[in-house]
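Since the structure of chain Z is provided, determine the placement of chain G on it from the hints.
As given, the protein sequences belong to chains Z and G, one line each in that order.
With our numbering applied, the first sequence corresponds to residues 158 to 237, in that order.
With our numbering applied, the second sequence corresponds to residues 158 to 237, in that order.
For the record, the hints were derived by calculation from the structure and aren't laboratory data.
Idealized CB from N, CA, C, for every residue including glycine.
Where hints are given, some of them may not hold.
Estimated spans, in silico, between C-beta atoms of each pair [said to hold, decoys possible]:
(1) Z:L172 x G:T227: 25 to 35 Å
(2) Z:L186 x G:G190: 26 to 36 Å
(3) G:Q185 x Z:L186: 35 to 45 Å
Reference listing, derived: stretches of chain Z covered by chain G, where coverage requires no fewer than 3 residues with Cβ under 8 Å from a Cβ of chain G [claimed, not checked]:
(4) 187 to 193
(5) 197 to 209
(6) 219 to 228
Number of protein chains: 2
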Amino acid sequence: MARVVVDVMLKPEILDPQGQAIVRKLPQLGFEGVTAVRQGKRFEIEVDGPADEAALEKARKIAETLLANTVIESFEVHAE
Amino acid sequence: MARVVVDVMLKPEILDPQGQAIVRKLPQLGFEGVTAVRQGKRFEIEVDGPADEAALEKARKIAETLLANTVIESFEVHAE
Chain Z
158 MARVVVDVML KPEILDPQGQ AIVRKLPQLG FEGVTAVRQG KRFEIEVDGP
208 ADEAALEKAR KIAETLLANT VIESFEVHAE
Chain G
158 MARVVVDVML KPEILDPQGQ AIVRKLPQLG FEGVTAVRQG KRFEIEVDGP
208 ADEAALEKAR KIAETLLANT VIESFEVHAE
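Only chain Z is shown next, with the shape it has when bound in the complex:
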């Protein structure tokens, strides 16, 4: 059993209003020195078999098909 993680983030050129809302709120909560926040998604996928290149390739295909909107989002895959 392999655990593969897919991290999906908005591309840098895409506005992230959730992240901006967090940045603006932080000083009111007493947190200084945070200049940017980006919010994305993390998927933990359990795949039958070993955590090899085939498992990562399957996760990439799943991410492209279902987990990420590749017009506005990019993703990274790694075993964990």
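Leaving out everything else, chain G in the frame of chain Z:
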């Protein structure tokens, strides 16, 4: 400038209907052998100063205060 990542996931005992919906859809899309999916959030935080223990501790406090609902979610912090 340090980049700190906060991963927020539902605790294992909390039902994750989004993850379950993904698992159920995958065979219809031709993806076999995926036994579980959990969906969570990933925050990329840019903090002034070095990526040291103080930056990680600040990110932990931000996560506890604002990013995670610690009743139902757990989080992990790491520099990147």
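Problem - Hints the structure fails to honour - result: Hint check: 2 fails alone, others pass.
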